[in-house]
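> Based on the hints, put chains B, C and D in the right spot on chain A.
If you want the building blocks of each chain, they are given just below.
4 protein chains.
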Amino acid sequence: MVTLGPNQYGKAEVRLLRVNRSSLNHSSAGHELRDLSVSVALSGELTASHLTGDNSAVLTTDAQKNTVFAFAAEHGVAEIEDFALLLAEHFVASQEAISVARVSIEEYAWERLGDHSFARSAREVRTTTVIYDTARHDTGEPLVVSGLKDLILLNSAGSEFWGFAKDRYTTLAETTDRILATAVNAQWRHDQQDGSAQVSWGESYATARDLLMSAFAQTRSYSLQQTLYAMGTRVIEGLPDIAEIRLSLPNKHHFEVDLSPFGMENKGEVFYASDRPYGLIEGTVLRDGAEAELGGPA
Amino acid sequence: MVTLGPNQYGKAEVRLLRVNRSSLNHSSAGHELRDLSVSVALSGELTASHLTGDNSAVLTTDAQKNTVFAFAAEHGVAEIEDFALLLAEHFVASQEAISVARVSIEEYAWERLGDHSFARSAREVRTTTVIYDTARHDTGEPLVVSGLKDLILLNSAGSEFWGFAKDRYTTLAETTDRILATAVNAQWRHDQQDGSAQVSWGESYATARDLLMSAFAQTRSYSLQQTLYAMGTRVIEGLPDIAEIRLSLPNKHHFEVDLSPFGMENKGEVFYASDRPYGLIEGTVLRDGAEAELGGPA
Amino acid sequence: MVTLGPNQYGKAEVRLLRVNRSSLNHSSAGHELRDLSVSVALSGELTASHLTGDNSAVLTTDAQKNTVFAFAAEHGVAEIEDFALLLAEHFVASQEAISVARVSIEEYAWERLGDHSFARSAREVRTTTVIYDTARHDTGEPLVVSGLKDLILLNSAGSEFWGFAKDRYTTLAETTDRILATAVNAQWRHDQQDGSAQVSWGESYATARDLLMSAFAQTRSYSLQQTLYAMGTRVIEGLPDIAEIRLSLPNKHHFEVDLSPFGMENKGEVFYASDRPYGLIEGTVLRDGAEAELGGPA
Amino acid sequence: MVTLGPNQYGKAEVRLLRVNRSSLNHSSAGHELRDLSVSVALSGELTASHLTGDNSAVLTTDAQKNTVFAFAAEHGVAEIEDFALLLAEHFVASQEAISVARVSIEEYAWERLGDHSFARSAREVRTTTVIYDTARHDTGEPLVVSGLKDLILLNSAGSEFWGFAKDRYTTLAETTDRILATAVNAQWRHDQQDGSAQVSWGESYATARDLLMSAFAQTRSYSLQQTLYAMGTRVIEGLPDIAEIRLSLPNKHHFEVDLSPFGMENKGEVFYASDRPYGLIEGTVLRDGAEAELGGPA
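Residue numbers (the working numbering), protein chains in the order written: chain A, 2 to 299; chain B, 2 to 299; chain C, 2 to 299; chain D, 2 to 299.
Be a bit skeptical, because a hint or two may be false.
Identical copies go unnamed one by one, so any copy, or any two together, can satisfy a pair.
[To be verified] Within a straight-line C-alpha distance of at most 20 Å, the following computed EDC-like cross-link-like pairs (lysine to aspartate or glutamate) qualify: (1) Lys150 <-> Glu90; (2) Lys167 <-> Glu46; (3) Lys150 <-> Asp289; (4) Lys253 <-> Glu90; (5) Lys268 <-> Asp134; (6) Lys253 <-> Asp276; (7) Lys150 <-> Glu294; (8) Lys150 <-> Glu112; (9) Lys268 <-> Asp83; (10) Lys150 <-> Glu46; (11) Lys253 <-> Glu14; (12) Lys268 <-> Glu75; (13) Lys253 <-> Asp178.
FYI, nobody ran anything at the bench for these hints, they're computed from the structure.
Isolated chain A (complex conformation) (with noise of 0.2 Å):
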């Protein structure tokens, strides 16, 4: 009468800080951070486990969490890509059951203060999600995904809302001139297809943070709507190998404070922020030909 559908099982949020004390390649004398949040996700054949409890198949939890560190020693972390699909690749090879690997991992980026002295900077978080599926990927071409989330950005000026939609619910008036105020959550997916060896993801990354905050801060806005799309538009046009973007923009609404009952004048100079409700804003940009495979409604 019941059956096991779609399953996943892994360690979460795996806290690791990788030192390098060598800092051999680099000019620099001091140490260089990796300060990191692993997840793993497995899948495969599991349902004896589910079913009957018979853990024969089940790699533990645990034993994921000692491969991220051992790992971590044993080769380093390079860029987090590479460390994802490192670990991807591993955990789909060394297990009959598992078909199929995902790891996520968060960086927070720490600024230098001295050989051995560090500050945390930035408040963005940059992510990546390698999913390794046997089945999936004929070629054996993992999914490598790279994104960022919490960067916070504010226009002043150069945003308006008009022209919209008006039916018994809306009161909403409209302006040529609001700020636009949002937390870039990004995922972006490297096409394979030209072969990802060649790809710096470390360079990608930096670019393609770049490319959205220009994009936010240079298009003149209508709709949070058409600045996402601006956004992913010069993220697809500025990297061959992005086939994919998908954004989630929350809009971050500043209300312009009434100031009349004071009988003073609010020249655009004060508002309110607002946590609740907010608007979200959710949409992928496809490079022509390529299929969406970030999810999203269809």
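For chains B, C and D alone, kept in the frame of chain A given last:
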């Protein structure tokens, strides 16, 4: 060179408190409360808004928010599934460009202290998501998903974990007695074939919640996977209209403290609760013949 | 040119789960749980550690953590006040340099589902802070403070707010019917003069919690200040050993939605809950003759 | 039988965004932003409000919020200390019953991307608290405290911890090489004797922040206590108008992972970051002759 892929937009986390002052249908003379967070996401033919900034098809997220409040006033809030259905059908019906409306609601429970006095009760949050998709649901049946999150459960006996795969990185000791704790996050999909009109959402929710708790408490566990399957099975077997249930169960580790350095023995009585990392077990349980529609890995 | 002022150090948020397997004193055959977060702060003659890095007087925070676990094993955890007293006295007695120990504990409640199964219950957190100060407490009586936080209460009737001062910036309308909601954060100090040995901390806590809730529910409110005072008064009057109670009550605003743009009237039934800003009302209520020792503005 | 003790009330977390569009004093043609969270707490003769519900002396928290916005419009926001002083003096001067005003402000930094475009920068939050107390400050000098929080720092070398006290519960190994990481939470009090008018709050803040970071980076640490004292000393010595600084430094533990089960050696390169429990080191550093006014244990 670039095209727009899947997209949606809407107002998120509209915090609505609905007080029912009449309570005509109730023996109690007092008020009744519904405390909700309502999120709306609409999609359809919105290319113009993204590409040219033409907003003529955009029902503002502000109007969506207003609609939530106005509908709460006009129709009241019965069960959250009813309210989500009402809103979703309205948004699709009223806007030409909108073909899909997704309405998600969280409900926070209150316990009565007096006729007009209440205390927030229960840690868990009741949830629903209704998807009204004109294209997909030829029969006009919207997808109705009910659920809960943050239901924290713990077994201090009856949980084992052994017989698992061992690789180079496996150091975990086998055990026949461990703490098993989780925060249940569950969504279950109602089968609309038999007509949703008959479902009493409130009773169904209470039953599903009880079944989840009793299955957790009564299952001798050989893994959290097995407990997950037992919980899902119990709900499918106990509620004929539920076709599918998806569970996401963090393994909230409680590790036995090593007291031997102090010349003491830990007889399974002193544990420390660890925040991160944690195991994360996710899976879907299906009624025979049902298809998995609630996501998750393939 | 520079001197060291007040200082303390310790281990914070030791997450302890104590399972009582024997339950000898109880009719239930099942286990019992105590789920705590324990924080220790020690002070005394620690100048050398600060100035020269001489740590010879420093009991490590790691040892403090170990002590929490070892004491839980050896002595069990009766009420959190008892456990905090035990720990505070130990730290002061065992370390020459330490003259003051402050032990704070949060307790999370669980509801029984079965002999060995539990669900987290009650949103509020029970708290205690014990301060054992060799200098101040000549009598050897430590300061014992009990409390709770995150007890969320709401009155949907019986709350007015009018007759307030008006200045140039006052726009708030007077009302004789508003929602009054808060998250109670309270600490109350036990008067040790009569001997703390007699106090049954668990019963005292249950009584104080009930008094706070009933005072909130039964007071016709003309301001949250007045409700605060009524709540404090009820506790002082109902529990003879309590000399002082300090309450911090955020005014969790629920604003009536203006439905007039939609041709509808809001009959006090539709509100939106606002996150920020919020009012914050703080005050101490004292038994006649008692002095305020729990802080707050002069 | 019962009396009212210390009390205060006010509006907390007013989220103000002030855009300066003219930028007359700046070479940049662009806008300038001030992004603040302002909290007000007033106290004085408010017994009637508590005891009888007579609100005639109560300036509503809503009016306090309005005042924040109106003052931002009328006076602009220079440095947060200036704005807090302006508000605190206003509240005490304008309301007969109010004798003490405490205004606390958090400021969130933004980095310029373009003339009207900004990105949230820096993880740390700049803070101030101004207390204007008519009774206490005979000279009319309000207390001005500046500070910061969430400045996350890490040393990957130069930190030792040994020679500490050992008791029965001490198991920690001594080390001459550990990670030292913290999230700096600091408040420093400006000495108003010399006239606060001369203090350039912005420059003073930047200097204090730099001194805290450089002291952390440059101090060979034998304990976090010693680092705390070095940080405080550096600020007192570098900024003549600062009389007192209070630091609260969580010891964000990074533990070296034991790789020996995998036949590997950890050469101080692989650590896991632990959330809880954590050490918490708190202390005040004073200029000779200054008294501790910023709280903390005796």
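> Hint by hint, say whether it matches the structure.
For each hint, the structure was consulted:
1. Lys150 <-> Glu90: The answer is neither: 25 Å in one copy and 33 Å across copies each exceed 20 Å.
2. Lys167 <-> Glu46: between (53 Å within a copy, 17 Å between copies)
3. Lys150 <-> Asp289: neither (25 Å within a copy, 40 Å between copies)
4. Lys253 <-> Glu90: Classified as neither; 39 Å inside a copy, 27 Å across copies.
5. Lys268 <-> Asp134: neither (56 Å within a copy, 34 Å between copies)
6. Lys253 <-> Asp276: both (7 Å within a copy, 14 Å between copies)
7. Lys150 <-> Glu294: Intra 19 Å, inter 27 Å, cutoff 20 Å: intra-copy only.
8. Lys150 <-> Glu112: both (18 Å within a copy, 17 Å between copies)
9. Lys268 <-> Asp83: Cα proximity of Lys268 and Asp83: none, with 51 Å in one copy and 22 Å across.
10. Lys150 <-> Glu46: neither (33 Å within a copy, 27 Å between copies)
11. Lys253 <-> Glu14: Answer is between: at 12 Å across copies they meet the 20 Å cutoff, but 28 Å inside does not.
12. Lys268 <-> Glu75: between (60 Å within a copy, 11 Å between copies)
13. Lys253 <-> Asp178: Within one copy, since 15 Å is at most 20 Å while 32 Å is not.
Consistency with the previously given hints fails for numbers 1, 3, 4, 5, 9, 10, ordered from lowest to highest.
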